[in-house]
Amino acid sequence: MLGDLWVLMVEQSWALALLKGSVVTIAIGLIGMALGFLVATPLAIMRWRKVVVVSQLVDGYSILVRGVPGLLVIYLLFFGSIEWVKAITAAFGYQDSADNAYPYIVGVVAIAVISCAYSIEVIRGALQAVPYGLLEAAQSLALPKGVTFMRVTFPLALRLALGGINNVWQMTIKDTSLVSVVGLQELMRTAAIGAGITRSPLLFYCIAAALFFCMTAVSQTAFSSAERALDRGFRGR
Amino acid sequence: MDLGIIAYAVPFLVIGAKTTLLIAVFGVGIGLPFGVAVGLARCSRSRALRRLCDAYCAIFRGTPMLVQVFVIYYGLAQVSFIRQNPVLWWMIGDGLNAAILAVVLNTGAYTAEIFRTAFLSLPKGLIEAAEACGMHPWHVFSRVKFPLAVRQALPAYSSEAAIIVKESSLASTITVLEITGYAKRLMSETFAIMDIFIITAAFYLTINVVVLTGLKLLERRLSFAR
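Those protein sequences? They're chains A and B, same order as listed.
Numbering-wise, full-length UniProt numbering puts 91 at position 91 of the first sequence, and it's gapless, one number per residue.
Numbering-wise, full-length UniProt numbering puts 6 at position 6 of the second sequence, and it's gapless, one number per residue.
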């Protein structure tokens, strides 16, 4: 049994393939999450300021994406973009490189679109939870609006948002597994290929599960210590 | 939007919606009592039981549901003991049954977490009072702990119920044709990708609005301040 495992993992180098898949998973998760967060921040601020039309549109987007399964969003982006991506790349003569990079780009975009919708709600909630007295204090000091926002509101909101960001990140890293159904070579896809070739799905999917578990456990610990660090000076109130 | 596509797609999606609802109903119907039981076990006095249930929750909350679905459907089918046991084989041999099992196990872990925090937040005095009256442990649970905990847990549980509806879409990865499965097929058949997406999204949003409104009404009915 152990000998078989050794042959499978080391001599046929499936362990390396699975580790590579994990790196791709983490990369897609991180880039997608960062992209989603970058887009979500201005959208959430506009939603918080109740900018007309924009905030309704943001609300619509957020409700739509949070209301449908991630798999459906991924199908929309993949099937919906194949045609024009092919057309554009063919026009510029980058057909081959586009064929290779295409799943990664759309995968990252899909993850970003999903995580952005959840991030908007988290950031908006955090902005609304900043105590009004602090904003009034800043106003009474005659701080300009921009300074108030950058120095008072946003840092405080970021601290309040950390718990929510943790949830969104945990969800995002798990959602990356969905991108595998459209052929992106990340951890889940590598496990599926391994399961198919070696005919031992139980082993490969359990290893994939264990690797995902390690990722979520490590990031949970990191977020917990970040939360503790940001809670300095707030404890006991 | 082309009306012809709506007329073509909707009948398929209605069939798919039945499967989605079937999975969701089992997810809530079995997953809720199961989750409450696990949540209770995580507050129990037996350390072994607590450890076991903690581990179950950590594993199912820490891994993607797609992996869980694949382990159950493809992985467990490899074990000859399960293949030879008719009951177990019935549970995982069929795509739909495997999907329901995966949804129940997954939502059970999240529900357990919701109810564990609810049980922990109960005022200790009330439970001590019930025990001091000589109430049977089952009665302490059914008449004191559960009615109070369910009011705490209901807002969080409603979003879990909406998640169950969304997670049921993963059944489409193991050959079960529910809403997302039909949507994928329709997208590759008709190439009207945006149209199909909007119609499908409308199905999901409708189901979720109905579920959330129902639970909101229940929450209002159960709340003390009427």
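To be clear, the hints were calculated from the coordinates, so they are not data collected in a lab.
Just so you know, even glycine gets a beta-carbon here, dropped at the ideal spot from N, CA and C.
Just to be clear, a hint being listed does not mean it is correct.
[Said to hold, decoys possible] Covered stretches of chain A, as calculated for chain B (at least 3 residues, CB under 8 Å):
(1) 30-44
(2) 72-82
(3) 124-133
(4) 207-215
Consistency of the hints with the structure:
1. 30-44: Violated - the region 30-44 of chain A has 0 residues with a Cβ nearer than 8 Å to chain B, which falls short of three.
2. 72-82: Three-residue rule met by the region 72-82 of chain A, so holds; n is 5.
3. 124-133: violated (count 0)
4. 207-215: holds (count 4)
Checked against the numbered hints given earlier, the structure breaks hints 1, 3 and satisfies all the rest.
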